[in-house]
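Enquirer: Using the sequences and the hints, build the whole thing.
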Amino acid sequence: LKVASIVVKSNGPVLIDVDGTEMLDISGSYGVNVAGYDNYKGFVERGWERIKDLGPNVLGPVHPIISDVIGPLRAISGLDEVSFHMSGTEAVMCAVRLCRFNKRKKLVVTF
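Residue numbers (my numbering): 49 to 159.
None of these hints come from the bench; they were simulated from the model. Warning: the hint list may mix true and false statements.
Pairs of lysine-lysine residues, derived as DSS-like cross-links and limited to a Cα-Cα distance of at most 27 Å, are as follows [claimed, not checked]:
1) Lys89 / Lys57
2) Lys89 / Lys100
3) Lys89 / Lys153
In this text the structure is predicted, and so the values were computed from the model without any measurement.
Expert: Below, the structure written as structure tokens:
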């Protein structure tokens, strides 16, 4: 049994490594628990179809897909504004900056 495998392909619960060895995935990873085996492939395909013509539009204007969800997110949250981030780190950094701005504090204490 290898300490770590480099997986290059999956087929349902079977993982295939760079050497062609097939292994049954018994780790119960987060993605499997949320979406099930192989369902992510359909998610990626449908997502790609919706954005493939957009190009690298990360910092530019808002894509229609984003504008479609702003209203429902505002309704769910009860807030006037929502923001989108590329990672949890960016979201926390933004939240800390907003707190510092609104409270007029220059320092943040962490424990």
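Enquirer: Each hint needs a verdict: does it hold in this structure or not?
Expert: Each hint tested on the structure:
As the CA atoms of Lys89 and Lys57 are separated by approximately 11 Å, the hinted pair is consistent with the 27 Å bound. At most 27 Å may separate the alpha-carbon atoms for a hinted pair to count; Lys89 and Lys100 meet this at roughly 16 Å. For the hint pairing Lys89 with Lys153, the CA-to-CA distance comes to about 46 Å; that exceeds 27 Å, so the pair is violated.
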